[in-house]
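Could you build the full structure based on these sequences and the hints that come with them?
Numbering follows the working numbering, with no gaps: position 286 of the first sequence is 286.
Among the clues, some could well be false.
To be verified - Using 30 Å as the maximum straight-line C-alpha spacing, the simulated DSS-like pairs for lysine-lysine come out as follows:
1) 12 <-> 467
2) 239 <-> 177
3) 12 <-> 24
4) 177 <-> 64
5) 122 <-> 79
6) 24 <-> 374
7) 223 <-> 24
8) 12 <-> 59
9) 223 <-> 239
10) 24 <-> 367
11) 101 <-> 79
12) 122 <-> 239
13) 177 <-> 79
As the list claims (entries may be wrong) - What follows is a set of in silico ranges between Cβ atoms, one per label pair, in the way DEER data are often shown:
14) 436 <-> 404: 19 to 25 Å
15) 73 <-> 413: 48 to 54 Å
16) 173 <-> 331: 51 to 57 Å
17) 434 <-> 26: 41 to 47 Å
18) 277 <-> 202: 36 to 42 Å
19) 143 <-> 393: 34 to 40 Å
20) 358 <-> 33: 44 to 50 Å
21) 167 <-> 377: 47 to 53 Å
Hints were generated in silico from the structure; no laboratory data involved.
Virtual Cβ for every residue (Gly too), placed ideally from N, Cα, C.
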Amino acid sequence: MAAQSVLTSQSKDFPRWYQDVVAKAELADNGPVRGTMVIRPYGYAIWERIQGEIDARIKAAGAKNAYFPLFIPESYLSKEAEHVEGFSPELAVVTHAGGEKLAEPIVVRPTSETVIGEFMAKWIQSYRDLPLLLNQWANVVRWELRPRLFLRSSEFLWQEGHTAHATNEDASAYANKIHNEVYDDFLVNVMASPTYLGIKPPSERFAGAINSMTCEGVMRDGKALQMATSHELGQNFAKAFDIYYQSEEGKAELCYTTSWGASTRLVGGLIMAHGDDAGLLVPPRLAPVQVVVLTVRDESEVNEAADRVARSLRDAGVRVELDVGRGSFGRRVTDWEIKGVPLRVEVGPRDLAQGLVTLVRRDSGVKALLALEKLTREVPPLLEAIQGDLLARALAHRDDHTHDVSTVGDALDATKDGFARLPWDEVAGEGEGALNAQSVSVRCLQRSDGSMPSSDTERELFCLVAKSY
RNA sequence: CGGGAAGUAGCGCAGCUUGGUUAGCGUGCCUGGUUUGGGACCAGGAGGUCGCGGGUUCGAAUCCCGCCUUCCCGACCA
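As structure tokens, this is what we get:
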């Protein structure tokens, strides 16, 4: 008997499907204030896995974690002209505290370049103090006009890295290092979500940056999602906050700074990069629950066997959840499918009599019988195989939804289905306006071989354009 | 923030046009029993300031005004 669908199908209504998954996989709820988000335990478990993987890579890249305050003097924001202009529409400002009107309003951080810049100036004296490599895990607030859970919430969680360097080359190299060794590596090897790496056109750059790099993901519906960004800030913030160092020659020199971030938006990206009509689908390396062991019948022998199976898999290093709950088998199966657990081990009396269990892959639905004693040997490589298949599938999806075109008109047509790639010269200037009028934006610029340009002034660049979240 | 739609039990909805007894239905939840290899069934039960505030009225879920929230489409963004 075919299970009746419990979610809106992607093809029928993709935004509705997304909301259904968020609700039924118990990832998040709307908070009481517009645009705020309650992240539920299962959603937070996924975020903690993302955090752990990204944090380890940030530390491997040499940055150290610190924490800066939520409240920022409003005057700090104003010190960098483009920065304040870019962020002022989204700011939440505290005007009253302690029962009194404040002399100077306090801004709830939308990002921390300014406060961190202030302290960089204090901590950096000599070239020996450079590079200064900082990161913080924090919440930030950017008032959103049109919120969506995980994708655009007025408050969200992220990591923001901030570094200061002696030279432009060093700053640029470090921003690139983060982009490749932290973000791209995480996205490809853990989240199995290959993106397009490129630089933002001037119109899409971070407020105050001289160059912004992006990882542009291709979602199941063909739309773009920026999964992470790294910015070269040049000397803009160093000038605004007097971040000077004394060189070997004893001269005062301005630093070059960078900043880079990835947020809870990644959870939204995960949903839309791998999810299907049965719900979420989490790649094994990322999954907080890699295997669910569930009993087919509520009998003591079955329950005991399931418990042994779960233990042995845990001992083998697999993240396992045991489901020996009562209630119908089909219901429990569907619930775990919605949550996207990559592999299911079904323990039932018929199989047990032959010393077997049934393995079911969430991605393909393929079932296989396996001898109990082979489980701990077979499951880890099977999880890796699923990981590999998800990556291959995502890569194929990305390429299938990217179309090479030569004109803005063809690009508009092609973006009904996904991304379009065309020469940047065709788009720069008026073309960009024509695209924007149809809700299509330039997601990133690349060289013809797909590599990352050093600046948007390079010749013969290509651009990837798409509708975006 | 502009245009559209909507808010009634955890979730999905009916009732509102034409105001009038104890506000219904499906699903979920609780209890008991039968079940359990792809969203089980029977019986009983709990659960509502009808989004919030004000107004009209003898009487408001229903009519009027304001606000809040959600969804869709734009402009803004991680």
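Status of the hints after comparison with the structure:
| no. | hint | verdict |
| --- | --- | --- |
| 1 | 12 <-> 467 | 19 Å, holds |
| 2 | 239 <-> 177 | 24 Å, holds |
| 3 | 12 <-> 24 | 18 Å, holds |
| 4 | 177 <-> 64 | 15 Å, holds |
| 5 | 122 <-> 79 | 16 Å, holds |
| 6 | 24 <-> 374 | 34 Å, violated |
| 7 | 223 <-> 24 | 23 Å, holds |
| 8 | 12 <-> 59 | 43 Å, violated |
| 9 | 223 <-> 239 | 38 Å, violated |
| 10 | 24 <-> 367 | 24 Å, holds |
| 11 | 101 <-> 79 | 23 Å, holds |
| 12 | 122 <-> 239 | 14 Å, holds |
| 13 | 177 <-> 79 | 28 Å, holds |
| 14 | 436 <-> 404: 19 to 25 Å | 21 Å, holds |
| 15 | 73 <-> 413: 48 to 54 Å | 49 Å, holds |
| 16 | 173 <-> 331: 51 to 57 Å | 54 Å, holds |
| 17 | 434 <-> 26: 41 to 47 Å | 43 Å, holds |
| 18 | 277 <-> 202: 36 to 42 Å | 40 Å, holds |
| 19 | 143 <-> 393: 34 to 40 Å | 37 Å, holds |
| 20 | 358 <-> 33: 44 to 50 Å | 46 Å, holds |
| 21 | 167 <-> 377: 47 to 53 Å | 52 Å, holds |
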